[in-house]
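> The residues making up each chain are set out below.
2 protein chains.
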Amino acid sequence: MIVETVAIGTELLLGQIANTNAARIGERLAAAGFDHYNQQVVGDNLERMVAALQLATARSDAVILTGGIGPTQDDQTREALCELAGVDLVYDEGYAERLRARWEARGRVMPEQNLRQAYQPEGSATIANPKGTAQGLRMRVGDAWVFALPGVPAEMIPMLERDVIPFLEDRGDGEGRIVSRLLRTWGESESRIAETLGDLFDESTNPTVAFLASSGEIKVRLTAKAADDDEAEALIAPIEAQVRERLGSLVFGADDDTVEAVVFAALARRGWTLGTAESATGGMIAERITSIPGASKVFRGSVVAYATEVKETLLGVDPDVTAEAVVSEETALAMTRGAAEALGADVVVAVTGSAGPDVLEQAAGTMVVAVRTPETETVRTLRMPGDRERVRTYTTTAALHLVRLALS
Amino acid sequence: MIVETVAIGTELLLGQIANTNAARIGERLAAAGFDHYNQQVVGDNLERMVAALQLATARSDAVILTGGIGPTQDDQTREALCELAGVDLVYDEGYAERLRARWEARGRVMPEQNLRQAYQPEGSATIANPKGTAQGLRMRVGDAWVFALPGVPAEMIPMLERDVIPFLEDRGDGEGRIVSRLLRTWGESESRIAETLGDLFDESTNPTVAFLASSGEIKVRLTAKAADDDEAEALIAPIEAQVRERLGSLVFGADDDTVEAVVFAALARRGWTLGTAESATGGMIAERITSIPGASKVFRGSVVAYATEVKETLLGVDPDVTAEAVVSEETALAMTRGAAEALGADVVVAVTGSAGPDVLEQAAGTMVVAVRTPETETVRTLRMPGDRERVRTYTTTAALHLVRLALS
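Keeping their order, the protein sequence lines are chains Y and P. The first sequence begins at 7 in the numbering used here and counts up by one. The second sequence begins at 7 in the numbering used here and counts up by one.
Accuracy of the hints is not assured; some may be wrong.
Put simply, identical chains are the same to the list, so a pair is met inside one copy or across any two.
[To be verified] Here are the simulated lysine to aspartate or glutamate pairs, EDC-like style, with alpha carbons at most 16 Å apart:
#1 Lys225 - Glu17
#2 Lys137 - Asp263
#3 Lys225 - Glu246
Just so you know, the hints here were simulated from the structure itself, not pulled from any lab data. What you are looking at is a predicted structure, and each value in this text was computed from that prediction instead of being measured.
Throw the hints in and build the complete structure from the sequences for me.
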């Protein structure tokens, strides 16, 4: 079954909000095994709403509309559905009464404006809205089912879950389920990973293989379609095993795993605590680690030694070393040793560098990361492209990966 | 001029990411005075990509495509443009050379896979990508201009700003300009601010007044449409003056001003340095301050004293105080005093609290912020709603505002 989403709202076109409804619905459709090939967004304009709905109902088996069912004049989804289906609005007295009662229960008189919501396209069924006053609509137009839901995500989502998806599942012909596995990698380029896995991509139609790049991480996505979750998982398993074997330690986790969570688990497993000594990253590594609930089990703290003098006073870095070079492997290693003592931490990761745009000894983007564990010391000089924000973020991710590799 | 956006990417249909590109482009089109009536999203499927482009080029004067121009097999925007325009791909040897040189400069051999990016539809012009390797494309198809940009927002946005918008502005027939002024406030609720400014909102049609809430900040947006920027600014100026007068010190900046930039400027003006002492925020305040280029002029560093023992050893907080309560105004104040000495900073902001979900002495969301300057000491206990991430982010913003107010 092909399901299409159409979002109504000028605020979406003006960019005042992003269309997160389409993403939420898309996620849910994928889990239910429906095909979702097209999303459309149009403004609060009757003519363009009708055109979008004509296109959607002609090419899809079901259309999920969000927005435009509220009480104000710019809410025109009801009128658009009438024009699409060639029917009139009919007045639902019972609903009007319930609306009035709802306002009265709050000790207020209902503005008449709200009665717009009691008019519905002839032949439509209503969908209860447990979180708000605008009820949803369901109607048959040509060969397609059309659902109209509110634009407010907190109202839309329960209506999608309780009514729309079960209704479509009852009418689908056992479309089965779509299951995705994201394998998350760090340390190689997207093109190199695509090349390494090229033949899997060419040969496999179920699961399909795709690549996604974000924030220096390359994700390999395997998507299988099958009668049920177990069968889909069984299709994914052998390809996943091949991907993991070919990529080795480049793969650090799956699905929602983050590198900070992987580091946290590795520290807990070894019974070690962590501290950070940061200059150019300014506390970003500490912030990532402490984003994990219960971080205090492994995290001692951080010395953000931004001024050179603080590297000397709090981290005990020899002034001769910083006089030689602040952005250097010697300084980074000295910072790990000083922080291990100052923070009482078993493992320390330290960063010193030139984040830009100003040049500090070395070209902007030159970042030195050192990791010290009770067993090893490693240090790497990285050349990061991009602006200050990107240099800092990517270096933080790189630093966490170097900790991960040191603990593996 | 009617401009349409088409986003390419199966990850958008699967709901793995929201289409924030369309929102960013929509915002920019509105500012430039262009009409934006439709957004489409399709997956990495050649046939559906071509159909979406046919529809868009038939009804719009310009189409901005995002996604599908990377080096991997699922990037098919180049092929779709060829099919749409009835042309072939041609090989750009010069670009291929530049790609190879770029990899070599980083001491690596380029995977051949990347050469996919050197093939371009015949008759297309390229758009430089200052932040990545995939260059953009511009071509004429029928009566429409088509632009293909990367899907990664950080790469797409500068290309939109530097090339696409100026190109379209040169070809528009004087659509006029839409100018917006954002006045940024902190410290009052959206409804209270809306009430204070209610009559301005009711009476004004040009500029219009709107309210936007995000991350604990309320923004007042004034939007004027006029023949040129000067005329639009002249419409905004008197309303802006009234808003500023009514809201007083609630307004901390305009447009892209951030609270950290305002704090940075205030410190520089007074010739004072800053340090932070953070527990539950884990370095987030330091990270916000050091996001500003040249932060070292005012920022000394931070002690992220996550473990209670580190509060005692590095910040000299009396163990009797922490034994009494770690999440307390006494501890927060003691942290500011210890950090002022340890970091050699004139101004210190300290945070201790219970970010959740685990309870630390107090209910999750109880956060204590103290600020010490050479002239004053202030401390506030905040009750922040929401999850750990929200509590930490909002507390960081609140802490920066307390520093701002202490310096004003």
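> Taking the numbered hints from earlier one at a time, note which ones the structure violates and give those numbers from smallest to largest.
The structure conflicts with hint 2 only, although it agrees with all the remaining ones.
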